[in-house]
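Peer 1: What follows is each chain in one-letter form.
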Amino acid sequence: MILRIFVFYPCWFLMLNCWCASLTNSYRSEPITQIPAEISSLQLSITHMMHNQPLILKTVEYRNPSGESFTITRFRYFLSNFSLETAAGKMITLPAAYFLVDEANDTTKLIKLNSVPTGTYKSIRFLIGVDSIRNVSGAQSGALAAETGMFWTWNSGYIMAKMEGFAPAVASPTHEFLFHVGGYKTSDNVLKYVSLSFPQPVVVSRDKQPQINILADAGKWFAPDTISFKNVAVIMAPGVNARKVAANYQEMFTVKNIAN
Amino acid sequence: MKHKAIYIAGAFCLLLMLVHAQTKKSRRGGGPEPFILQLPPGFPKPVYDFSNNRLTKQGIALGRFMFYDFRLSRDSTVSCGFCHQQFAAFGHFDHPLAHGVGGQQGTRSVPVLFNMIWQKAFMWDGGVNNLEIQPLTPLTDHNEMAVDLKELLQKMQRDPKYRSMFKAAFGSEAITSERMFKAITQFVATMISANSKYDSVMRKAPGVIFSEEEQAGYTIFQQKCAACHKEPLFTDLSYRSNGLPYLPALNDVGRMKITNSTADYLHFKVPSLRNILKSSPYMHDGRYFDIYQVFDFYDHGVQVTPGTDPLVRNGIPLSAVEKRQLYIFLNTLTDYTLIKSTALSEVLIN
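Protein sequence lines correspond, in order, to chains A and B. Using my numbering, the letters of the first sequence map in sequence onto residues 635 to 894. Using my numbering, the letters of the second sequence map in sequence onto residues 5 to 354.
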């Protein structure tokens, strides 16, 4: 008798369990009623300029507003935290994505923004640099991986933008200038949001992934707050000069046109 | 009788089902096996956020292997463990200043490695803001391992042993800096020092008490040292100028370099006193080889500058008897569990 009870009770328990499980399963298999917004994408194509001419690394000599001649060997920066403004004026924040745009690498100048809800947009907003949270969150991957050389090792934080080159006005024996612009803490913050209005409404639909052609003028780094190589040749830490350059370069982007 | 047999068979089947369900649960996935880190009682909540880097046996094993792999340096001579020696509480025995590949020398002493998951920032000046990216500094510094990270990752990707270890730890053979740093962090996270005689006394372990001199030293410590070297970590994790005379040859301005603030001139992180007698030499530049030199410095060597901490401005007077008692107390902070742990010891790289 005791044995019978011992076996029957667990059996009942098991049967009940199975029954409940099948019930909850049948609930789960019901279709999701919420219809997701349609998702498409758009592209940003960035062309680097020096004043009115396309930027050419190493071989072409340029002149800054102080009249100093220079060549550029490296030009790269992070873009992140994209959002779009709908025709109705509503801001749509796109999923977190980080891009390292590098003049030396053409594929990086084409940015594909995924997960864009279909609709009509009138402007775009993004951050030049990497938001403060990612600066303190440890090891990262992709564009943010440490081996890209855009992360300071001795004073943690991303180099948001980098311009390197040579200028006779630099007093050092190599005449090299190094502008490594970074700093995410309150007092050193160089993070700049850029808002660009589109010249015409941009329509994103399932079969329409428009391309926005953007110009980025490296010449803007030197003005309006004058940066001359005689006074500033090396920026390799957060601080006053980094903030000055960032305040200048936040004006470097313009929308050239829309390729619908 | 016949019924009884059926019931017995039924009971046996049920038992089998239950056992099967249990083993299935524990073996699910076949990926890396979780590792439960035993946190010492009485310690605060760790600062390091494990949520994006769950400890696994395979992750820790990979981290340990990399920690002792001298091939991670430019000329394959220097590993992490080269400077961070277990018998010296993962500091560098007998070396005032860190040195690395090609006879290069840095300007600071090798900091000890233990209880890192409770640190808010790293290096003597707190310049590194997350435990995960700490390895980046010694790996790439030209005075230390001097490696190009991109080249190193390619080199490791070519190594079948690393490919299999990364697969075991992270599910695929891809070797990325993120995985590399996370695995090293996993290993370093297991370096916990909380089992010294002092800890046994505090936990009231049966039969463990301070000797008379240890107790006297503990009282002196509490009166004269504990404000900065706060229990149970034996550091309050702050940055202070302790009045150590500035050395022009090294020209080390301390935390001012990180904050750009003159208020942080000559400020350095308060080091832990745990395992202190195993981790000579002392101070950020390793200028004192003997703990009695440190006592003497606090007794009559403090050089007051505008940034010198108020707690040491008048020095910390210590009599000969007090120094001896303090020394005897500091001995109780040596943690042989850490120093002799076979889970942390060097692994053979070939």
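Derived by calculation from the structure, the hints in this document are not laboratory data. Being a predicted model, the structure only gives us computed values, none of them experimental. By construction, the Cβ of each residue, glycine as well, lies at the ideal position given by its N, Cα and C atoms. Be a bit skeptical, because a hint or two may be false.
Claimed, not checked - For the chain B half of the interface with chain A, some residues (derived, Cβ under 8 Å), not all of them:
(1) Val132
(2) Asp145
(3) Leu157
(4) Gln161
(5) Ser181
(6) Phe185
(7) Met260
(8) Thr266
(9) Val306
(10) Thr309
Said to hold, decoys possible - Distance condition first, Cα-Cα at most 20 Å in a straight line; then the derived DMTMM-like pairs of lysine to aspartate or glutamate:
(11) Lys344/B <-> Asp98/B
(12) Lys261/B <-> Asp822/A
(13) Lys201/B <-> Glu177/B
(14) Lys159/B <-> Glu218/B
(15) Lys692/A <-> Asp740/A
(16) Lys756/A <-> Glu672/A
(17) Lys154/B <-> Glu810/A
(18) Lys154/B <-> Asp822/A
(19) Lys796/A <-> Asp152/B
(20) Lys208/B <-> Glu218/B
(21) Lys159/B <-> Glu781/A
Peer 1: Each hint: holds or not?
Peer 2: How the hints compare with the structure:
no., hint, in the structure
1, Val132, "holds, 5 Å"
2, Asp145, "holds, 7 Å"
3, Leu157, "holds, 6 Å"
4, Gln161, "violated, 12 Å"
5, Ser181, "holds, 5 Å"
6, Phe185, "holds, 4 Å"
7, Met260, "violated, 12 Å"
8, Thr266, "violated, 13 Å"
9, Val306, "violated, 28 Å"
10, Thr309, "violated, 23 Å"
11, Lys344/B <-> Asp98/B, "holds, 19 Å"
12, Lys261/B <-> Asp822/A, "holds, 13 Å"
13, Lys201/B <-> Glu177/B, "violated, 43 Å"
14, Lys159/B <-> Glu218/B, "violated, 52 Å"
15, Lys692/A <-> Asp740/A, "holds, 16 Å"
16, Lys756/A <-> Glu672/A, "holds, 19 Å"
17, Lys154/B <-> Glu810/A, "violated, 24 Å"
18, Lys154/B <-> Asp822/A, "violated, 29 Å"
19, Lys796/A <-> Asp152/B, "holds, 19 Å"
20, Lys208/B <-> Glu218/B, "holds, 15 Å"
21, Lys159/B <-> Glu781/A, "holds, 14 Å"
The structure is inconsistent with the numbered hints 4, 7, 8, 9, 10, 13, 14, 17 and 18, although it conforms to all the rest.
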